[in-house]
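Student: Sequence:
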Amino acid sequence: MEQNEIIVKQTEPTLWVNSMVTVIKPKNKVRICLDPINLNKGIRRAHYPLKTIEEVIAKIDAKNGFWQLKLTEESSKLCTFNIPFGRYRFKRLPFGIVSASEVFQKAMSEMFDDIEGAVSVIDDVLIWGKDLQEHNERLKKVLDRVRENNLKLSPEKCEFSRNQISYVGHLLTSEGVKPDQEKLELYKL
Numbered sequence: 001m002e003q004n005e006i007i008v009k010q011t012e013p014t015l016w017v018n019s020m021v022t023v024i025k026p027k028n029k030v031r032i033c034l035d036p037i038n039l040n041k042g043i044r045r046a047h048y049p050l051k052t053i054e055e056v057i058a059k060i061d062a063k064n065g066f067w068q069l070k071l072t073e074e075s076s077k078l079c080t081f082n083i084p085f086g087r088y089r090f091k092r093l094p095f096g097i098v099s100a101s102e103v104f105q106k107a108m109s110e111m112f113d114d115i116e117g118a119v120s121v122i123d124d125v126l127i128w129g130k131d132l133q134e135h136n137e138r139l140k141k142v143l144d145r146v147r148e149n150n151l152k153l154s155p156e157k158c159e160f161s162r163n164q165i166s167y168v169g170h171l172l173t174s175e176g177v178k179p180d181q182e183k184l185e186l187y188k189l
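Under UniProt numbering, the first residue of the sequence shown is numbered 1, with each subsequent residue one higher.
Just so you know, the hints here were simulated from the structure itself, not pulled from any lab data.
In this text, all values refer to a predicted model and were calculated from it rather than measured experimentally.
For each residue, glycine too, the CB sits at the ideal point set by N, CA and C.
You can trust all of the hints, since none of them are fake.
Label-pair ranges, simulated between beta-carbon atoms:
1) Gln-164 - Glu-73: 43 to 53 Å
2) Thr-11 - Gln-181: 49 to 59 Å
3) Asp-35 - Asn-149: 24 to 34 Å
4) Lys-41 - Lys-178: 36 to 46 Å
Only pairs whose alpha carbons sit at most 25 Å apart, straight line, appear in this in silico DSS-like list of lysine-lysine:
5) Lys-130 - Lys-140
6) Lys-70 - Lys-9
7) Lys-141 - Lys-130
8) Lys-25 - Lys-152
9) Lys-152 - Lys-27
10) Lys-140 - Lys-152
11) Lys-106 - Lys-77
12) Lys-63 - Lys-152
13) Lys-70 - Lys-41
14) Lys-63 - Lys-106
15) Lys-141 - Lys-106
16) Lys-25 - Lys-157
17) Lys-141 - Lys-157
18) Lys-152 - Lys-141
19) Lys-63 - Lys-27
20) Lys-77 - Lys-9
21) Lys-41 - Lys-77
22) Lys-106 - Lys-70
23) Lys-157 - Lys-178
24) Lys-70 - Lys-157
25) Lys-29 - Lys-63
26) Lys-178 - Lys-130
27) Lys-157 - Lys-106
28) Lys-63 - Lys-9
29) Lys-141 - Lys-63
30) Lys-157 - Lys-29
31) Lys-63 - Lys-157
32) Lys-25 - Lys-63
33) Lys-140 - Lys-106
34) Lys-29 - Lys-152
35) Lys-130 - Lys-157
36) Lys-63 - Lys-140
37) Lys-70 - Lys-25
38) Lys-70 - Lys-152
39) Lys-157 - Lys-27
40) Lys-140 - Lys-157
Use the sequences and the hints to build the structure in full.
Tutor: See below:
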């Protein structure tokens with residue numbers, strides 16, 4: 001994380017020192033999160049509205065989305081944490097900050113939501129069209145914007161030119177939104 005400029009060694013005193021927690025993600029990957037319990041109590045949230053979707057035929061995913069947003073020096077110092085190897089601070093938006101989803105949603109909306117047939121939902125951008133040509137034109141605009149903003153994507157999580165996509169527990173199709181049967185099967189156990 002230090003080599004990728006997500007965190008930096010912090011040697012001077014700071015007003016805040018937070019704990020760290022880890023969360024196991026799918027495929028046994030680990031997500032490192034800040035645990036800023038007291039800091040979160042003092043954060044004034046923007047309450048940026050999260051999006052809903054109706055139909056889609058493509059999805060792109062921002063890799064480690066929050067870490068793509070740089071923090072100001074002042075905010076970075078509030079995100080100082082202790083680990084056995086020393087004190088560090090996040091230079092980029094950490095997982096665990098109460099307003100992180102809204103901050104990231106706002107940044108993604110500013111990047112993509114003026115493109116017709118595209119909507120950002122946290123770290124995903126959903127793209128649809130009435131036919132393959134319209135879909136491809138819109139997808140090109142989205143990918144141009146990705147390049148302009150130097151947004152990094154997770155290729156393994158991107159899906160293109162699909163008739164349906166499983167997304168947040170739903171199956172998105174050209175006929176509308178349906179429950180994802182795979183997710184429903186989990187509840188039957």
